[in-house]
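S.K.: The chain contents come next:
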Amino acid sequence: MHNIQVNISKELGETTYITKLSNGLTVYICKKEGFEKKIGLFGTKYGSLTNDFVDITTGNRIKVPDGIAHFLEHKLFEKEGANALDLFSKMGVTSNAYTSFDQTVFFFETIDKFEASIEMLVKLIKEPYFTDENVNKEQGIIGQEISMYDDDPNFTVYFNALRAMYKNHPIRIDIAGTIESISHINKELLYTCYNTFYSPQNMFFIVVGDVDIEQTIDLIESNIKKYEKNEYINNDIIKYNVEEPNQIYKKEIVKQMDIYMPLLCIGYKLDVVDEYQNIKRQIMCEIISDLYFSKISDFYEEEYKKGFISDEISFDYEGTDNFSHVIISSSSTKIEELKKDIIKYIEEIKDQNINEENFELIKRKKIGYNEFSADNLNSSYRRIIEHALYGEELYSDIKILNEITKEDIKDFLNILSNDKQVISIVKEK
Amino acid sequence: MSNIYKINNKKFKSIYFSINFTIPVNVNEISQYSLLSAVLSKSCKRYKTQKDIQKYLYSLYGANFDVNIEKFGDLYNIEFRCECINKQFLPDNEDVVNDILHFLYDIIFNPNMSNGVFDLDIIQREKEFVINKIREVKDDKLRYGIRKSEEIMCQGEPFSTYVYGNEEDIKSIDNVKLSEKYKELFTNSCITFIISGNLSGYEDIEDRVNKIFSDKLDSKLDYKDLIYNKKLEHDNDEIIESQKTTQSVLTYGLRIKNVKDDDFYKLSIYNAILGGTPSSKLFQNFREKESLAYTVRSRYYRFKDIIIIYSGIQKENYEKAKTVIEEQINLIKEGKVTDEEFNASKESIISDLKEWNDSKIALSKMFISNMFATKNENLSLDDMIEKMKNVTKQDVIDIAKNISIEKIFFLRGDINA
Numbered sequence: 004m005h006n007i008q009v010n011i012s013k014e015l016g017e018t019t020y021i022t023k024l025s026n027g028l029t030v031y032i033c034k035k036e037g038f039e040k041k042i043g044l045f046g047t048k049y050g051s052l053t054n055d056f057v058d059i060t061t062g063n064r065i066k067v068p069d070g071i072a073h074f075l076e077h078k079l080f081e082k083e084g085a086n087a088l089d090l091f092s093k094m095g096v097t098s099n100a101y102t103s104f105d106q107t108v109f110f111f112e113t114i115d116k117f118e119a120s121i122e123m124l125v126k127l128i129k130e131p132y133f134t135d136e137n138v139n140k141e142q143g144i145i146g147q148e149i150s151m152y153d154d155d156p157n158f159t160v161y162f163n164a165l166r167a168m169y170k171n172h173p174i175r176i177d178i179a180g181t182i183e184s185i186s187h188i189n190k191e192l193l194y195t196c197y198n199t200f201y202s203p204q205n206m207f208f209i210v211v212g213d214v215d216i217e218q219t220i221d222l223i224e225s226n227i228k229k230y231e232k233n234e235y236i237n238n239d240i241i242k243y244n245v246e247e248p249n250q251i252y253k254k255e256i257v258k259q260m261d262i263y264m265p266l267l268c269i270g271y272k273l274d275v276v277d278e279y280q281n282i283k284r285q286i287m288c289e290i291i292s293d294l295y296f297s298k299i300s301d302f303y304e305e306e307y308k309k310g311f312i313s314d315e316i317s318f319d320y321e322g323t324d325n326f327s328h329v330i331i332s333s334s335s336t337k338i339e340e341l342k343k344d345i346i347k348y349i350e351e352i353k354d355q356n357i358n359e360e361n362f363e364l365i366k367r368k369k370i371g372y373n374e375f376s377a378d379n380l381n382s383s384y385r386r387i388i389e390h391a392l393y394g395e396e397l398y399s400d401i402k403i404l405n406e407i408t409k410e411d412i413k414d415f416l417n418i419l420s421n422d423k424q425v426i427s428i429v430k431e432k
Numbered sequence: 033m034s035n036i037y038k039i040n041n042k043k044f045k046s047i048y049f050s051i052n053f054t055i056p057v058n059v060n061e062i063s064q065y066s067l068l069s070a071v072l073s074k075s076c077k078r079y080k081t082q083k084d085i086q087k088y089l090y091s092l093y094g095a096n097f098d099v100n101i102e103k104f105g106d107l108y109n110i111e112f113r114c115e116c117i118n119k120q121f122l123p124d125n126e127d128v129v130n131d132i133l134h135f136l137y138d139i140i141f142n143p144n145m146s147n148g149v150f151d152l153d154i155i156q157r158e159k160e161f162v163i164n165k166i167r168e169v170k171d172d173k174l175r176y177g178i179r180k181s182e183e184i185m186c187q188g189e190p191f192s193t194y195v196y197g198n199e200e201d202i203k204s205i206d207n208v209k210l211s212e213k214y215k216e217l218f219t220n221s222c223i224t225f226i227i228s229g230n231l232s233g234y235e236d237i238e239d240r241v242n243k244i245f246s247d248k249l250d251s252k253l254d255y256k257d258l259i260y261n262k263k264l265e266h267d268n269d270e271i272i273e274s275q276k277t278t279q280s281v282l283t284y285g286l287r288i289k290n291v292k293d294d295d296f297y298k299l300s301i302y303n304a305i306l307g308g309t310p311s312s313k314l315f316q317n318f319r320e321k322e323s324l325a326y327t328v329r330s331r332y333y334r335f336k337d338i339i340i341i342y343s344g345i346q347k348e349n350y351e352k353a354k355t356v357i358e359e360q361i362n363l364i365k366e367g368k369v370t371d372e373e374f375n376a377s378k379e380s381i382i383s384d385l386k387e388w389n390d391s392k393i394a395l396s397k398m399f400i401s402n403m404f405a406t407k408n409e410n411l412s413l414d415d416m417i418e419k420m421k422n423v424t425k426q427d428v429i430d431i432a433k434n435i436s437i438e439k440i441f442f443l444r445g446d447i448n449a
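Those sequence lines, one after another, are chains V and L. Under our numbering, the first residue of the first sequence carries the number 4, and numbering increases by one thereafter. Under our numbering, the first residue of the second sequence carries the number 33, and numbering increases by one thereafter.
Derived by calculation from the structure, the hints in this document are not laboratory data. Glycine residues also receive a C-beta, built at the ideal position from the N, C-alpha and C atoms. Each hint should be verified, as a subset may be incorrect.
[As the list claims (entries may be wrong)] Partner residues aside, some chain V positions facing chain L, computed with beta carbon under 7 Å:
| no. | residue |
| --- | --- |
| 1 | 37 |
| 2 | 38 |
| 3 | 366 |
| 4 | 370 |
| 5 | 412 |
[As the list claims (entries may be wrong)] Far from chain V by the CB rule (all over 10 Å, computed), these chain L residues:
| no. | residue |
| --- | --- |
| 6 | 82 |
| 7 | 115 |
| 8 | 168 |
| 9 | 183 |
| 10 | 218 |
| 11 | 231 |
| 12 | 244 |
| 13 | 310 |
| 14 | 427 |
Start from the sequences, fold in the hints, and give me the full structure.
M.R.: Okay, here's the thing in structure tokens:
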């Protein structure tokens with residue numbers, strides 16, 4: 004029997020069971036009754052931001068090439084010449100993997116091959132297989148992935164906003180690296196990163212679906228045990244962070260591309276806060292987005308009438324234990340005018356009283372949205388990953404939502420300061 | 033009213049309402065109906081602006097609404113859709129379903145017109161909106177490559193026009209024309225109302241709909257009579273364009289001849305083997321073996337009997353890429369498909385079908401797509417799975433003989449990486 008912690012969300016009608024296996028791996032099972040699909044995710048708290056750390060196998064500090072976490076993701080999702088997507092696909096199972104700033108996650112979605120999928124997922128991640136030849140081949144494929152991002156205006160405008168805000172922080176670097184940086188990746192470096200960051204203590208396993216709790220935990224545990232001898236037990240991962248000034252790096256970056264619709268990001272660099280505050284900021288930004296930029300706002304209506312916007316303006320928060328910022332994004336054929344209007348507007352709303360009627364409407368909308376999200380299995384695991392990474396109580400977001408006051412919102416708007424503001428624009432050639 | 037279809041499953045918490053107007057169109061009419069959809073989605077008599085609409089929807093616990101436009105082959109489909117929460121999951125069991133139905137009624141049947149025509153300012157603003165959508169296609173290069181292939185494969189057929197229409201036609205529409213089209217929306221269409229999701233507590237849903245809409249949703253056209261594939265003759269061609277990007281896009285348009293009823297199942301599996309899944313020949317050889325691309329896929333167009341292959345490559349690899357793509361097409365024709373490849377593709381298609389059961393929207397989409405494609409409104413997901421299971425490897429090899437390369441499109445990126 005396992006020691007299982009139970010987290011119930013009445014609002015979402017779901018329950019998450021959490022247990023720690025003897026090797027230190029934490030397992031989360033989110034029960035969704037009645038759904039056919041079952042999702043399994045195996046992830047590590049390691050992403051593109053970590054490129055300077057102590058190699059667990061030697062005890063020496065090492066700097067690795069940009070893009071290696073993403074490269075490692077590609078190479079782990081492969082077994083002796085066969086791509087994992089293909090191995091799963093042959094079983095009739097959909098799978099994929101992704102790397103972000105702070106995590107690498109591998110997952111499958113299945114209707115009726117749950118046990119075999121768990122077995123395959125564990126095998127792939129616990130049995131790395133890197134050769135000079137397969138590293139070489141991957142450089143070609145990832146090279147095309149990088150070219151695809153280079154041509155993508157949305158991706159470019161976003162990363163340029165980060166590059167304007169941050170001077171030294173690795174968040175400036177493309178997650179996939181560059182064609183040049185990945186040319187320095189070899190199999191030895193891949194094993195170093197793997198051994199250091201794919202230890203059970205640094206990983207998490209999540210299942211979402213209508214499954215039996217005890218049986219699923221047993222199933223994961225028995226599969227994990229097969230590979231125990233390969234494991235580095237690593238309780239103390241040592242990572243080195245670069246010194247990042249509070250100030251922004253550049254005020255404005257403008258890039259010309261072969262596109263029609265110009266894009267804009269306005270970024271505000273913020274002080275780093277703890278996870279509770281990160282969740283709170285996240286929810287406040289969702290409310291701000293609704294209050295001031297959604298179609299219920301006077302601002303949207305005016306800008307739409309003027310022909311300055313045709314799609315939504317988004318107001319997003321991103322924050323972890325080592326960065327924090329707001330990014331406002333939009334597109335417009337009148338990009339300079341829209342930019343001026345948004346900047347002026349942000350200053351105006353800092354002093355305005357919050358529209359009571361709209362604030363109440365947004366609360367009603369949020370009640371409905373929690374119910375909608377319960378119909379979608381993906382929103383369940385996203386919340387669990389956040390929890391696995393940063394440890395704040397599961398479902399605390401729903402509690403925090405009810406606590407947020409109008410004063411909190413105004414206080415937050417007032418920390419968006421002009422000297423921490425950056426502009427990124429992508430426009431037509 | 034007979035054209036209300038219910039898909040009920042109590043695992044969901046929400047309900048999806050989808051009112052579809054399916055219209056036989058010519059090329060110019062696509063622009064007219066696209067503009068009409070944009071105008072109707074943003075204003076009506078009761079809710080004059082997007083702000084009024086959204087505030088009302090927020091008050092209904094964040095109900096979602098939009099007007100979705102798509103093509104079922106050469107037919108144009110305008111879908112007025114709303115999504116709301118079942119009353120048993122809302123505070124005090126508040127029931128918003130009647131409000132949603134009234135709202136949809138207002139949007140469709142009480143438009144913001146005066147003296148029988150739409151307001152010129154609103155039309156002008158929405159023309160800009162639609163023209164932006166048309167021009168934006170080029171910003172996503174793979175999507176542009178696919179769009180261009182659809183266009184050159186189906187020249188002269190309504191399907192070749194972009195779902196938002198084309199710029200010249202949009203510019204020429206005046207308020208009289210648009211108001212005419214509004215009337216034709218009811219006189220020249222097949223109307224299908226699908227309600228999908230958790231309908232417990234709503235056993236009377238048909239009565240509710242009838243009370244609000246009375247006979248307004250009666251179809252003038254029967255879906256069984258609508259022709260979705262005009263099948264003109266087309267020549268083989270190779271077209272090259274250039275652009276200032278680092279990556280190039282290569283697409284292949286394949287034509288399928290002599291398609292019969294139920295070939296859909298064989299062709300779905302054919303496409304999965306060619307480039308529809310990670311087990312496919314293209315993924316295995318074009319990407320994994322030759323490292324020519326990160327993205328390579330093929331897409332089967334059920335309503336048009338075509339398949340489009342698309343990939344993002346380096347321009348230096350153009351000739352090599354063509355050779356490898358053509359090899360994969362020929363391999364299937366020559367019967368060089370392993371049992372493993374065949375079974376993997378079949379499994380993957382069947383599991384995709386089963387997954388639709390977890391989405392009320394996918395269930396609704398599947399229903400209407402089947403209704404038009406097979407002229408049968410009683411085809412169940414289980415029937416589809418059964419028919420898919422019955423396809424043999426020989427069926428796929430035989431059907432491959434009816435498939436030939438017709439158009440090659442290369443969007444050459446002129447920036448050196």
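S.K.: For each hint, tell me whether it holds in the structure or not.
M.R.: Verification of the supplied hints:
1. 37: holds (3 Å)
2. 38: It holds, given that the least Cβ distance between residue 38 of chain V and chain L is near 5 Å, below 7 Å.
3. 366: violated (9 Å)
4. 370: Where the cut-off is 7 Å and the nearest Cβ of chain L is about 6 Å from residue 370 of chain V, the hint holds.
5. 412: violated (17 Å)
6. 82: violated (5 Å)
7. 115: Residue 115 of chain L not clear of chain V: closest Cβ-Cβ about 7 Å, inside 10 Å.
8. 168: violated (5 Å)
9. 183: holds (17 Å)
10. 218: holds (28 Å)
11. 231: holds (14 Å)
12. 244: Label holds. Min Cβ-Cβ 21 Å, cutoff 10 Å.
13. 310: violated (3 Å)
14. 427: Residue 427 of chain L is indeed farther than 10 Å from all Cβ atoms of chain V, at 19 Å.
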